[in-house]
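**Q** Sequence:
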Amino acid sequence: TAAENFTTTQYLREQLADASERLDLATKEATRREEAHAAERAAAAEKTEADARAAEADAKTAADALRATIEEMKRELDEVKEFRGGKQAMIDEIAGAKADLARAREEAARAANETRLANALEKS
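Okay, so the sequence shown: first residue is 1 according to UniProt numbering, each after it adds one.
Worth double-checking, as some hints may not be accurate.
[What the hints assert, rightly or not] Cross-link-like lysine to aspartate or glutamate pairs, in silico, EDC-like; alpha carbons within 20 Å at most:
# : residue 1 : residue 2
1 : Lys81     : Asp64
2 : Lys60     : Glu72
3 : Lys81     : Asp92
[Said to hold, decoys possible] Listed next, with one range per pair, are the computed distances between beta-carbon atoms:
# : residue 1 : residue 2 : range
4 : Arg33     : Arg53     : 51 to 57 Å
5 : Thr9      : Arg41     : 29 to 35 Å
6 : Glu82     : Leu117    : 45 to 51 Å
7 : Asn119    : Tyr11     : 55 to 61 Å
8 : Glu29     : Ala112    : 53 to 59 Å
It is worth saying that the hints were derived from the structure and are not from the lab. This one's a predicted model, so the numbers in the text were calculated from it and none came from an experiment. Just so you know, even glycine gets a beta-carbon here, dropped at the ideal spot from N, CA and C.
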């Protein structure tokens with residue numbers, strides 16, 4: 001009757017309040033986990049980007065050092081050429097230096113690609 005209806009209504013309200021509270025807690029926990037996961041992804045993307053920037057900087061440094069080495073080798077080869085007329089030695093040295101420069105350029109291109117990938121990952 002009316003008392004039973006009131007008791008049932010009260011019980012259902014308590015159950016609804018309890019379910020609502022559990023839903024709120026579950027929602028907060030899911031949000032916290034998603035935020036933590038997003039933070040982990042962002043940190044990984046930042047590390048990847050930092051690693052790519054470091055690799056690119058290393059490649060540029062190596063390319064600069066290689067250019068300086070090539071210039072030094074050219075000077076030395078010019079001296080050798082003056083004193084010995086060694087054309088073949090000069091050709092071989094320059095070819096090796098060009099191959100080293102090509103490898104350094106490839107490494108710089110890979111580093112640039114890694115940077116672009118890191119930027120794309122960070123945006124996603």
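**Q** Next step is simple, just say for each hint if it's right about the structure.
**A** A quick look at each hint next to the structure:
no.	hint	verdict
1	Lys81 / Asp64	violated (25 Å)
2	Lys60 / Glu72	holds (18 Å)
3	Lys81 / Asp92	holds (13 Å)
4	Arg33 / Arg53: 51 to 57 Å	violated (30 Å)
5	Thr9 / Arg41: 29 to 35 Å	violated (47 Å)
6	Glu82 / Leu117: 45 to 51 Å	holds (49 Å)
7	Asn119 / Tyr11: 55 to 61 Å	holds (57 Å)
8	Glu29 / Ala112: 53 to 59 Å	violated (41 Å)
Going through the hint list in order, the structure does not satisfy hints 1, 4, 5 and 8.
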